[in-house]
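**Student:** Chains as they are written, first to last, in the numbering used here: chain A, 1 to 299; chain B, 300 to 421.
To be clear, the hints were calculated from the coordinates, so they are not data collected in a lab.
A portion of the hints provided could be inaccurate.
To be verified - Here are some chain A residues the structure puts well away from chain B; computed CB gaps all over 10 Å:
hint: 1; residue: C81
hint: 2; residue: L126
hint: 3; residue: D187
hint: 4; residue: S197
Said to hold, decoys possible - Which residues of chain A face chain B? A partial, calculated answer using Cβ under 7 Å:
hint: 5; residue: M72
hint: 6; residue: G73
hint: 7; residue: G74
hint: 8; residue: G76
hint: 9; residue: P82
hint: 10; residue: T86
hint: 11; residue: T91
hint: 12; residue: D92
hint: 13; residue: Y93
hint: 14; residue: G139
Computed from a predicted model, the values in this text were never measured in an experiment.
Quick reminder that beta carbons are idealized off the backbone N, C-alpha and C, glycines included.
What follows is each chain in one-letter form.
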Amino acid sequence: MDAVALLQVGSALLLDTGFVWLVGSWLARRWLHASGVDRDGFEPALRKFDLAAAGLGVLGSAVAMLAATAAMGGVGLREACPMFWTMVSGTDYGHGGCLAMLAMLVVFALRLPRGTSRFRDRAVLLSLAIFAFTRSSMGHAGEDGLWSVALAAEVLHFSAIGVWMGAVMVSGWFVLDASRVVAFSADASGRYLTLMSQSALLAVIAIVGTGSYSAWQRVGTVAHLFGSAYGTILLVKIGLVLGAIALGGYNKFVGLPAASRSSRGLGVVRAVLQLETFLLLGALLAAAALTSQQPPASL
Amino acid sequence: MKHLHLLAMTCVLTGAMFASPFAAAHAKLTGSEPAAGATVSPAPKALVLTFNEKIEASFSSVTLKDAGGKDVASAKAHVDAASPAVLRLDVPVLTPGAYTVQWIAVGHDGHRRNGDFTFTVK
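All chains, please: the whole structure from these sequences, using the hints.
**Tutor:** Below you can see the structure in the form of structure tokens.
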């Protein structure tokens, strides 16, 4: 893999991780509120992480566009700099990249002032929706125009990945952190975990549904799966996702009932969520590697 | 047991689903005038390359070389106004002989593909 491809993979991972965190933190705020937990105790730290995630999103977008310019021009990164404006202003990919970057910039600006308001929460959600829509339209799903079933499926797919991975990441590493979770009553932690688990399950169903639709739409080349680097990455990705689903299943059917009985059980749920985050990050990295690579020439 | 079934079904469907990006199409030449390997008479006034998807004009190109490897067309290829998946290259009067068409096509998704084919003017 050359420098351009590495940069494409790295920037896509950065961008998607930022999006996933922001979706997760948006949901966590709602679940905390619905569980009767005082949000004010969480807000300052959550805001800082949100700013970092949105910042990563903006940076990732800019770097991704430079890497895309180099890939489109078939040149190195230095030679791509003079072509950057042509890419940004003259291609659909460039227009989409700019809009995605703008959406992340708006989220950053909205999270900058301290405190929260209903208006700001809604504006953040709208910006994330615009980001998801734009990013989805930059691939093949956008080929048939902005009002196609393929694009709708892709938007839902990408958003559901944000919900699933965001719920896992923000809950496992932030909300359920041992120092924070002591402020929860037993009822509150149970309610939070139930809301998180239900949303993650719905998201996985949406991912499977929309993904199966896309697979059915583009079917016919699975024979190429074996014997190429591309196929190997894909198989690794499938393995990681299946592992994450298995961990999610364990938490749902074993971890959550145990967490309602003891704080040790809650600790196990947290550890499983943290492990699940690593698997999903690996899957996200593999996905980024796949999209930046040329598939085998025979495709 | 019901839960296990649900989990197994989810695993199978996810496996099927994550095969989808692998099968994603990229800019591919689906047809051309003159066709690859064709012998034509009279000589074409333009080369018309049709792809399977919309082409980004700024980063796509078509060049025509004669049997000696010399560039024949001085014009730049442009995307057809009526069809965004078609690249056209206006060419001067071609003398009889073999020609090679080299193309670079950047698709809507930013991926770059290239290829070439030959034709003969009788």
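**Student:** Evaluate the condition: distance from the CB of L126/A to the nearest CB of chain B exceeds 10 Å.
**Tutor:** holds, 25 Å
**Student:** Was the hint right that G74/A lines chain B, CB cutoff 7 Å?
**Tutor:** Since the shortest Cβ distance to chain B is 6 Å, the answer is holds.
**Student:** Taking 7 Å as the limit, does the beta-carbon of P82/A come near enough to a beta-carbon in chain B?
**Tutor:** Violated, about 13 Å.
**Student:** Does the nearest C-beta of chain B fall within a distance shorter than 7 Å of the C-beta of T91/A?
**Tutor:** holds, 5 Å
**Student:** Under 7 Å is the threshold here; is the Cβ of T86/A close enough to any Cβ of chain B for the hint to stand?
**Tutor:** T86/A check passes; min Cβ-Cβ to chain B is 5 Å, inside 7 Å.
**Student:** Looking at C81/A again, its CB stays over 10 Å from all of chain B?
**Tutor:** Answer for C81/A: holds, closest chain B Cβ roughly 15 Å.
**Student:** S197/A clear of chain B by more than 10 Å, beta carbon to beta carbon?
**Tutor:** holds, 13 Å
**Student:** Close enough to count: is the Cβ of D92/A nearer than 7 Å to one in chain B?
**Tutor:** holds, 6 Å
**Student:** M72/A was flagged as interface toward chain B. Is the shortest Cβ-Cβ separation under 7 Å?
**Tutor:** For M72/A, the interface hint holds, since the closest Cβ of chain B sits about 4 Å away, which is under 7 Å.
**Student:** Close enough to count: is the Cβ of G139/A nearer than 7 Å to one in chain B?
**Tutor:** holds, 5 Å
**Student:** The hint names Y93/A as touching chain B; please verify it with the least Cβ-Cβ distance against 7 Å.
**Tutor:** With a closest approach of 4 Å, the Y93/A hint holds.
**Student:** Next item in the hint list is G73/A. Is there a CB on chain B closer than 7 Å to its CB?
**Tutor:** holds, 6 Å
The structure is inconsistent with the numbered hints 8, 9, although it conforms to all the rest.
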